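There are 2 protein chains.
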Amino acid sequence: MEKIKVAVVGMGNVGRYVLQAVRESQDMEAVGIVEIPERVSQISSQITDLPVTSNVEELEKPDVAILAIDSRAVPSVAPSFLYKGINTIDAYDIHGAEGALRLKKQLDEIAKENNCVAIISAGWDPGTDSLIRAVMQIIAPKGMTCTNFGPGMSMGHTVAVKRIKGVKDAVSITCPKGMGMHMRLVYVELEDGYDFDEVAKKISEDPYFCHDEVYINQVSTVKDLIDMGHSVKIERKGTSAGACNQRMEYHMSVNNPAATAQVMVAAARASVKQKPGCYTLLEIPLIDLLLGEKDELICKLL
Amino acid sequence: MEKIKVAVVGMGNVGRYVLQAVRESQDMEAVGIVEIPERVSQISSQITDLPVTSNVEELEKPDVAILAIDSRAVPSVAPSFLYKGINTIDAYDIHGAEGALRLKKQLDEIAKENNCVAIISAGWDPGTDSLIRAVMQIIAPKGMTCTNFGPGMSMGHTVAVKRIKGVKDAVSITCPKGMGMHMRLVYVELEDGYDFDEVAKKISEDPYFCHDEVYINQVSTVKDLIDMGHSVKIERKGTSAGACNQRMEYHMSVNNPAATAQVMVAAARASVKQKPGCYTLLEIPLIDLLLGEKDELICKLL
Chain W
1 MEKIKVAVVG
11 MGNVGRYVLQ
21 AVRESQDMEA
31 VGIVEIPERV
41 SQISSQITDL
51 PVTSNVEELE
61 KPDVAILAID
71 SRAVPSVAPS
81 FLYKGINTID
91 AYDIHGAEGA
101 LRLKKQLDEI
111 AKENNCVAII
121 SAGWDPGTDS
131 LIRAVMQIIA
141 PKGMTCTNFG
151 PGMSMGHTVA
161 VKRIKGVKDA
171 VSITCPKGMG
181 MHMRLVYVEL
191 EDGYDFDEVA
201 KKISEDPYFC
211 HDEVYINQVS
221 TVKDLIDMGH
231 SVKIERKGTS
241 AGACNQRMEY
251 HMSVNNPAAT
261 AQVMVAAARA
271 SVKQKPGCYT
281 LLEIPLIDLL
291 LGEKDELICK
301 LL
Chain B
1 MEKIKVAVVG
11 MGNVGRYVLQ
21 AVRESQDMEA
31 VGIVEIPERV
41 SQISSQITDL
51 PVTSNVEELE
61 KPDVAILAID
71 SRAVPSVAPS
81 FLYKGINTID
91 AYDIHGAEGA
101 LRLKKQLDEI
111 AKENNCVAII
121 SAGWDPGTDS
131 LIRAVMQIIA
141 PKGMTCTNFG
151 PGMSMGHTVA
161 VKRIKGVKDA
171 VSITCPKGMG
181 MHMRLVYVEL
191 EDGYDFDEVA
201 KKISEDPYFC
211 HDEVYINQVS
221 TVKDLIDMGH
231 SVKIERKGTS
241 AGACNQRMEY
251 HMSVNNPAAT
261 AQVMVAAARA
271 SVKQKPGCYT
281 LLEIPLIDLL
291 LGEKDELICK
301 LL
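For the protein sequence lines, the chains are W and B, in the order given. Those letters in the first sequence? Residues 1 to 302, by the numbering used here. Those letters in the second sequence? Residues 1 to 302, by the numbering used here.
A few of these clues could be false.
What the hints assert, rightly or not - Each pair of labels, with its calculated beta carbon distance range:
1) Arg-102(B) / Gln-26(W): 34 to 40 Å
2) Lys-142(B) / Arg-39(W): 28 to 34 Å
3) Gln-26(B) / Met-183(W): 33 to 39 Å
4) Asn-115(W) / Gly-178(B): 23 to 29 Å
Don't read these hints as lab results, they were simulated from the structure. In this text the structure is predicted, and so the values were computed from the model without any measurement. Don't be surprised by glycine CBs; every beta carbon is placed ideally from N, CA and C.
Turn these sequences into a full structure, and let the hints steer you where they fit.
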């Protein structure tokens, strides 16, 4: 069996786990790391057994590029790979589902033109949680689903805070209030010479935070607060065929970047089995995401 | 939008809920009921607004036949519809996954020859639970999944007991012992003139029971024990990208025949969107199972 050739794009928290998951997957091999020019030398001193470059053309041509990058960069970075006929996987999570839909339309056209595949929003939420919500709606089409996150660090929200001027380090913790309602606890360490109230105002006005109940705190050191664990509880109470009070509950407690990375790697596997175009996980048969022979997987999972 | 035409085959516990779920689905319409000749007059006195027949050719031609029948009858009944170019849906659950795989190969050939689609084992287990197990394995590919059923009545096992000579009425309750281990509590009401010990021996030797810890009890009336509620808890502890102790848990508590029926109806919807052949739910994009426009579903579920 020919192995799927993977380039890992971005060596942050998620990227490091992506590389490990690729190395553990017997159907894949890593052909190299793509990083921004400023970080190439730093990363290549840490990862010595793979080429590290800012230009994917310097690598053996990958089948798939796994984009372990900030969501905001995905709409510009993904096309640069798709134009070269390289599949892309991202964990895009911004501007709600409508943002993802916009990205999907953009990448679908480019992927089809270049005979390759993009899979978007392939983390755990959006991603595998979306699959769980779909299963629950299949069983009980009438009813309400609540997704309760945390307590745990939100990577997307933490990145959003860190991007604000004057923030030296930060962490954003998501806390469930029940029934799918949340509050966010933000802890910031300031750069010298910045005013906390001004920075706090900018955070609360950021599109990532402006719709939520947010508590912003200044701390002297953020590092001591960091725990990459996260949780989610998805609940649905609904009606199947007229029978009410059908109850489903899904609870997950994981190392967040490791779970995200592993789902992206599963999506990379699925990408080589899809027709050209852009997909969410909802549009892909689950069996395509799994390592192994089809009949064996059916035997094991059915 | 043209509605999907559905024939409901079998008017037992599940069939009645299938009919209700079809009637509640705005993309479907019921064209009639197919029953065994002996039951046609009884069922047609209960359901007066739809044709009831033992011959599907007497109905307006359905797109899909939902087979709400005993699993053992599926391998002979499904082909009779597929040969007429009618998609079939079943909740086949017998001889473990290898039995399903055998059925899949049989029906795949017939479906392809007749340009139609069969979806097998489309209940909640096998069925939506299979999807949950797949999602858990996507997130944490190394580890162990345990499926714990009950306490609740097993329809398949109850039918298996009722089929044994001398049994007037029966119910089989599945009880979880933890870590995916179960015991079965069987309650039987005997026909006059039969010996309990002989009947109990036959039950314990039946392929449905011979591998399990089984407690068989004689009761004077089974009816008072009947509750159609059932539960399942699926647990996985595994490793994502080298990070251990990733934990996922799914718990469901439902009206059993209603949940089964609703999943079969979702599969009927998906069947008209697949290429000819035979599928399990693992091989179908989840979005195809849901009612609604694709982009709206993505917006809602992502």
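Hint check:
no. : hint                                : in the structure
1   : Arg-102(B) / Gln-26(W): 34 to 40 Å  : violated (28 Å)
2   : Lys-142(B) / Arg-39(W): 28 to 34 Å  : holds (30 Å)
3   : Gln-26(B) / Met-183(W): 33 to 39 Å  : holds (38 Å)
4   : Asn-115(W) / Gly-178(B): 23 to 29 Å : violated (50 Å)
Hints 1, 4, counting from the list given before, are not met by this structure.
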